[in-house]
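Q: The residues making up each chain are set out below.
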Amino acid sequence: MLDECMTNSDVVLDVQDLVVHYELKNEVVKAVNGISFTLQKGRSIGLVGETGAGKTTTALAIMNLVPKPPGVVKSGTIDVCGYKMLELKPKQLEKIRGKEISMIFQDPMTSLNPVISVGEQIAESVKLHENVSASEAYDRAIEMLELVGIPGERAGEYPHQFSGGMRQRVLIAIALACNPRILIADEPTTALDVTIQAQVLNMINDLKKQFGTALIMITHDLGVVAKMCDDVAVMYAGRIVEKGTLEDVFNDTKHPYTEGLFNSLPDITKRESELKPIPGLIADPTKLPEGCAFAPRCQYATDACRERPPTIHQISPTHLVECTAYDNPGFQIEGWQNHG
Amino acid sequence: MSRGQTETIVSRKEGHSATLASRKYKKKSAFLESWNRLRTNPGAMFGLIVIILMVLLMVYSFMFITEEDVMAINSANRFKPPSAAHPFGTDSMGRDLFMRTVYGTRYSLAVGFFSVAFGLVVGVFFGTLAGYFGGWVEEIIMRVSDVMASIPGMLLGMVIVAVLGPSFLNLLIAIGVSNISGFIRMSRASILSVKGSEFVEAARAIGMSEFRIAFSQVLPNSVSPLIVTATARIATSVLAAAGLSFIGFGVPVPLPEWGALISDGRNYLGRAPHLTLFPGIFIMLTTFACSLLGDGLRDALDPKLKQ
Chain P
0 MLDECMTNSD
10 VVLDVQDLVV
20 HYELKNEVVK
30 AVNGISFTLQ
40 KGRSIGLVGE
50 TGAGKTTTAL
60 AIMNLVPKPP
70 GVVKSGTIDV
80 CGYKMLELKP
90 KQLEKIRGKE
100 ISMIFQDPMT
110 SLNPVISVGE
120 QIAESVKLHE
130 NVSASEAYDR
140 AIEMLELVGI
150 PGERAGEYPH
160 QFSGGMRQRV
170 LIAIALACNP
180 RILIADEPTT
190 ALDVTIQAQV
200 LNMINDLKKQ
210 FGTALIMITH
220 DLGVVAKMCD
230 DVAVMYAGRI
240 VEKGTLEDVF
250 NDTKHPYTEG
260 LFNSLPDITK
270 RESELKPIPG
280 LIADPTKLPE
290 GCAFAPRCQY
300 ATDACRERPP
310 TIHQISPTHL
320 VECTAYDNPG
330 FQIEGWQNHG
Chain R
0 MSRGQTETIV
10 SRKEGHSATL
20 ASRKYKKKSA
30 FLESWNRLRT
40 NPGAMFGLIV
50 IILMVLLMVY
60 SFMFITEEDV
70 MAINSANRFK
80 PPSAAHPFGT
90 DSMGRDLFMR
100 TVYGTRYSLA
110 VGFFSVAFGL
120 VVGVFFGTLA
130 GYFGGWVEEI
140 IMRVSDVMAS
150 IPGMLLGMVI
160 VAVLGPSFLN
170 LLIAIGVSNI
180 SGFIRMSRAS
190 ILSVKGSEFV
200 EAARAIGMSE
210 FRIAFSQVLP
220 NSVSPLIVTA
230 TARIATSVLA
240 AAGLSFIGFG
250 VPVPLPEWGA
260 LISDGRNYLG
270 RAPHLTLFPG
280 IFIMLTTFAC
290 SLLGDGLRDA
300 LDPKLKQ
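As you go down the protein sequences, you meet chains P and R in turn. Sequential numbering from 0 applies to the first sequence in numbering that gives the first Met the number 0. Sequential numbering from 0 applies to the second sequence in numbering that gives the first Met the number 0.
Don't take every hint at face value.
To be verified - Among chain R residues calculated to face chain P with C-beta under 7 Å, some are:
#	residue
1	197
2	198
3	216
4	220
For the record, the hints were derived by calculation from the structure and aren't laboratory data. C-beta: ideal position from N, C-alpha, C; glycine also.
Using the sequences plus the hints, can you model the full thing?
A: Given below as structure tokens:
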């Protein structure tokens, strides 16, 4: 029922060398500094990193929704099902957004329009992309609501009559109403409490399987990644520092930053052990260092790390790490075996 | 818990494709819900009833009162106080004031409705463009609006009528134009307050065009302040029309616009106060009713106030 993707391969999203800066009056915020990744049909990738690592900017750039000004896409290509997102005209972009690629925003409390009933808001998405009558679109909206576990008779109600978890479900219903090939979930559970988080994640997983949607899960929660994702990309200061399958990154952690993230997690089996947070703060994106951006916080950092950009090492066909320390073939991080 | 949840979702989906049960959940009428809330507001209902009565009077005047009736001079009957034959008394030329006042309803209601509708449509359109798109669009619209707002409404009305000539249509245009800048400011301000919301970004993410976002997503959030402004404007427009007629810039002289009736009666305030009293009461009732209804509508239209 959907037009076939313009490409024949299974790759639905291909991001290459993306650089996005925010050019303010006095400074330039280097939010995303050359990231590349691909996503295959029906698979899911987790973008993990601290606040300010450039995850959301990456997501907005994929939709070509980076606010301009001040945002500027300096270089790179983004290919969504064969469409070059960065070169399209607004009219063409409007046809792709919501239809081929959809996004769930972080805060369900503010992402719904308070004066339009939830049914209408879902129907709006259908009306934009499919040639259906208003009542058919509304029927689809009710179907979508029931699919996300909200009784259809509540379609006429307004967002303030729903709880946070239910609103997030409504947002998911809106995002999936036109059966997109790619769904970007930008910290979809951050604003929800833990029990509701589990429900919402399960639901995204089920719907993803049911519709064969590819998923980009943006989160700072490694638990969410473990539950939801096939692949993981760890971001730091606008770069992907480690990328691989879930197995690669979780069980064969290579990058010191990834190690630091795991060490910051409480371990339920060792209650007396202390957390080891990563010292310092995330690099200031307006003043990125010459060398590795993580070097000032890295316990393995050498002068070479501080002086020149990190080198990329292919650990296995699926596993990449961007760390100068691996120039030395014997290098090994300390703490990775603590986490299985 | 979560396992059970997902199973329910899946089973619902399966049951669904067979029946398409959605037909039975029809849209709840937003109009009906607002009406139910409006109904419980006594002030608003009073306003609504007064306005309906005014409209009925207007209909009555169209059906039963001819222009000759309100123009016929009867010198034997001058300055009669209210009586059974002449409920509002008669004026300096012996014309029945009740007939004239009722006949005048059409002018005031038309001015109140059309001049505000004109100002609302034009003002909200430009105000939304200015508020949502910003930049040079906003600069141009707002500076023109500032110029319009800097001229007092009465003066602007007089200038327009002076240029176009006194007629009822020109009175409508004059008051309508003086209404525009208020609506531009109002709609721009309320659009500015919501255009940065996340739901605007979410609307972009489902592929909605900027123009459609401005008018179908952002503008509806401004409905309540606009309704209140509009009803307040109806009241001031009725007053402005009466004022312009009072100083001779409104409806041409012998026609019984309320302001003109008061203007007529002011020469005989001591001798026949009813000549100013009754049209005055009509003006007051109409404007008061509009304000009450406006306040009620604002509360009724706001979905957040729902119980």
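Q: Run the structure past the numbered hints and jot down the numbers of the failing ones, going up.
A: Structure breaks no hint.
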